[in-house]
Amino acid sequence: MSFIILILCLYSVGISGRRLPEHYQGRIINGDVTTIDQYPSAAVPLLYDCFINVYREFCGASIINSRTILTAAHCIVQHVPISYWQMRVGSTFSNRGGVVHPASKIFIYPYYNSRTEDNDIGLIQTSVPFSFNSLVSPARIAEWNYYLPDGEPVTAVGWGMNDTSSHIGSDQLRKIHLNTINWKLCDTIFQKIGLSVDENMLCIGIPGGGVGGQCGGDSGSPVYHNDVIVGVCSWGHEECDNPNFPHVNMLVSRYAYWIKDNAK
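The numbering of the sequence shown is our numbering, which starts it at 425 and goes up by one.
Mixed in with the good hints there might be a few duds.
[Stated by the list, open to error] Pairwise CB distance ranges (calculated):
(1) 558 x 595: 35 to 43 Å
(2) 520 x 616: 36 to 44 Å
(3) 457 x 556: 36 to 44 Å
(4) 526 x 684: 22 to 30 Å
(5) 534 x 557: 33 to 41 Å
(6) 573 x 682: 22 to 30 Å
(7) 534 x 505: 34 to 42 Å
(8) 663 x 507: 20 to 28 Å
(9) 681 x 475: 36 to 44 Å
(10) 478 x 573: 42 to 50 Å
(11) 524 x 662: 14 to 22 Å
(12) 666 x 528: 34 to 42 Å
(13) 553 x 609: 38 to 46 Å
It should be emphasised that the hints constitute simulated quantities derived from the structure, not laboratory data.
Each residue gets a CB set at the ideal place from its N, CA and C atoms; glycine is no exception.
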């Protein structure tokens, strides 16, 4: 039995510390610090590192009901025991405060493609409901018919790295205001480097180009439009501060039915 546990431990540490290809990472670059009372649905998935016996921040997420958080599939498609996952809610900080809940179940969107990162949507559930208050509160998700025009202002939040020279995530929650970008235009831009964008994805960036936005630890974190979750951070260019490339999220409205069917 101890040998099996050691193998699982080695595997989990390997994946929790792994670096996804750079174009599949997310962090808030040039964002402003904020507090959890401003975004009480923001949550932090924690993955167990058994070598140092701690749970570490692993991506971002958002609360969508009393037992469920929404995140990116690539964050949680890890073959480890469910006991290796926890969720921190109600804290401005990624590594302390708030309330930590053990996970009880994980859902990966059935058509998730780990090669292209299409359908990069997942859920984590807890057996113990969250206690809602001013610091812990669910956000609405965009319904299947939610209208989000091109050029619309949105807000991305997360605890990822906020400096391209750093490999350490931001301890404090950050936000940045961006705008939506037409997915076909976004696809044309990424085709130049051999990547593709489709209608299931939401591209966001600074109008006219500019340094700032998502880029390592923000994968799975939410994008809000009028307090509604419209995007889940998925991937972007390897140079996160490259002003010529938008940031790519999953378009939540495309997955509204699946999310609601499983987030019970």
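Okay, the hints, checked on the actual structure:
{"no.": "1", "hint": "558 x 595: 35 to 43 Å", "in the structure": "violated (21 Å)"}
{"no.": "2", "hint": "520 x 616: 36 to 44 Å", "in the structure": "holds (42 Å)"}
{"no.": "3", "hint": "457 x 556: 36 to 44 Å", "in the structure": "violated (24 Å)"}
{"no.": "4", "hint": "526 x 684: 22 to 30 Å", "in the structure": "holds (24 Å)"}
{"no.": "5", "hint": "534 x 557: 33 to 41 Å", "in the structure": "holds (34 Å)"}
{"no.": "6", "hint": "573 x 682: 22 to 30 Å", "in the structure": "holds (24 Å)"}
{"no.": "7", "hint": "534 x 505: 34 to 42 Å", "in the structure": "violated (22 Å)"}
{"no.": "8", "hint": "663 x 507: 20 to 28 Å", "in the structure": "violated (37 Å)"}
{"no.": "9", "hint": "681 x 475: 36 to 44 Å", "in the structure": "holds (40 Å)"}
{"no.": "10", "hint": "478 x 573: 42 to 50 Å", "in the structure": "holds (44 Å)"}
{"no.": "11", "hint": "524 x 662: 14 to 22 Å", "in the structure": "violated (33 Å)"}
{"no.": "12", "hint": "666 x 528: 34 to 42 Å", "in the structure": "holds (40 Å)"}
{"no.": "13", "hint": "553 x 609: 38 to 46 Å", "in the structure": "holds (42 Å)"}
The structure is inconsistent with the numbered hints 1, 3, 7, 8 and 11, although it conforms to all the rest.
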